[in-house]
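Residue numbers for the sequence shown follow our numbering, beginning at 1 and rising by one.
By construction, these hints were calculated from the structure, which means they are not laboratory data.
The C-beta atom is built at its ideal place from N, Cα and C for all residues, glycine as well.
Careful: at least some of the hints might be erroneous.
To be verified - Quick list of simulated restraints, FRET-style, between CB atoms: (1) R219 x C6: 44 to 52 Å; (2) E62 x Y167: 22 to 30 Å; (3) P166 x S276: 17 to 25 Å; (4) Y167 x G117: 22 to 30 Å; (5) Q113 x A145: 41 to 49 Å.
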Amino acid sequence: MKILTCPAQLQRLEEILRKSLPLALPVFGAVLNINRGNPGQYEILVDKWPEFGAVLARPSGEVPVNDGYWNTQTAFYRDLGAYRVLVETPGCLPWDAAFTLIGLQDGVTTVSQDLAGKKGVELDIVEYYSYWHPDPSTMPEPRPAPGVRLGSLSPSHVDLLNDTWPYGGNARSRRYLAELLRRFPQVCLQDSSGKPVAWVLTDHFGTGTHSYTLPEHRRHGHMQVALTVAAQRAHARGFPTFGHTALRNQPMQQLQELLGNQRLPGICSYILHNPSLDRDGP
Numbered sequence: 001m002k003i004l005t006c007p008a009q010l011q012r013l014e015e016i017l018r019k020s021l022p023l024a025l026p027v028f029g030a031v032l033n034i035n036r037g038n039p040g041q042y043e044i045l046v047d048k049w050p051e052f053g054a055v056l057a058r059p060s061g062e063v064p065v066n067d068g069y070w071n072t073q074t075a076f077y078r079d080l081g082a083y084r085v086l087v088e089t090p091g092c093l094p095w096d097a098a099f100t101l102i103g104l105q106d107g108v109t110t111v112s113q114d115l116a117g118k119k120g121v122e123l124d125i126v127e128y129y130s131y132w133h134p135d136p137s138t139m140p141e142p143r144p145a146p147g148v149r150l151g152s153l154s155p156s157h158v159d160l161l162n163d164t165w166p167y168g169g170n171a172r173s174r175r176y177l178a179e180l181l182r183r184f185p186q187v188c189l190q191d192s193s194g195k196p197v198a199w200v201l202t203d204h205f206g207t208g209t210h211s212y213t214l215p216e217h218r219r220h221g222h223m224q225v226a227l228t229v230a231a232q233r234a235h236a237r238g239f240p241t242f243g244h245t246a247l248r249n250q251p252m253q254q255l256q257e258l259l260g261n262q263r264l265p266g267i268c269s270y271i272l273h274n275p276s277l278d279r280d281g282p
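Let the hints inform the model, and build the full structure from the sequences given.
As structure tokens, then:
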């Protein structure tokens with residue numbers, strides 16, 4: 001196991017992962033963020049360098065043992081055996097803590113299930129479809145509805161975000177969303193009084209996340225505008241445009257296709273390890 005700390009190595013990894021899109025999307029997004037100031041304070045592990053078979057992006061430093069939101073990691077492998085060896089290496093994954101592992105490849109889930117069974121670790125797996133847009137510059141120019149303008153979210157909106165996020169509603173999710181607001185780009189549509197009506201956040205991996213329109217403002221095309229603006233801004237920064245959609249959320253799936261996003265083959269899994277440890281606390 002090797003932690004890449006040299007800027008030249010990380011730049012080279014970015015170039016290599018670009019050729020493995022879209023399956024490498026979350027890891028690629030993490031590397032992009034690291035190479036552009038590392039706002040999320042992440043680090044990259046590989047099984048070996050330079051001929052690596054597996055890559056893992058994880059938070060650097062210590063994280064709370066009870067916070068599966070902040071302790072989120074993502075993996076990509078070119079060789080499943082190499083990936084298994086990497087995550088079995090002591091110190092690679094915090095098996096005694098709550099942590100979430102994101103994988104676009106089936107093998108990531110399979111390895112977690114195998115190792116969790118051996119270690120007596122519980123798993124909670126949530127599955128999504130993943131979408132990405134190969135060229136957001138081809139998307140039509142967004143046109144906000146009358147009385148709606150582009151704005152931005154502020155720290156004062158964190159409770160609104162926490163209350164409307166399906167995975168929120170607790171102190172850990174509130175802290176996580178506050179950090180996303182502070183560290184990463186977001187798009188917000190506001191009404192004439194400046195109140196948010198729809199928004200899209202971005203996470204450590206460059207993923208579009210917590211895309212939401214307030215119920216009283218739905219069916220006016222606000223989310224289409226927000227997603228388009230978010231995609232174009234990400235593209236302008238050199239980031240890919242991608243996100244995950246719940247398997248039963250057909251309206252969002254239809255919107256993704258309307259915008260020209262392509263659904264990736266297979267399923268994206270969010271694998272929460274040790275869910276019983278994922279609880280409020282210091």
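Hints and how they fare:
1. A hinted range of 44 to 52 Å for the beta carbons of R219 and C6 is consistent with their spacing of about 51 Å.
2. The given range of 22 to 30 Å is respected by E62 and Y167, whose C-beta atoms sit roughly 23 Å from each other.
3. Taking 17 to 25 Å as the suggested C-beta distance range, the pair P166 and S276 conforms, at roughly 20 Å.
4. The given range of 22 to 30 Å is respected by Y167 and G117, whose C-beta atoms sit roughly 25 Å from each other.
5. Hint check: Q113 to A145, Cβ distance near 46 Å, so the stated range 41 to 49 Å holds.
Taken one by one, the earlier hints all hold for this structure without exception.
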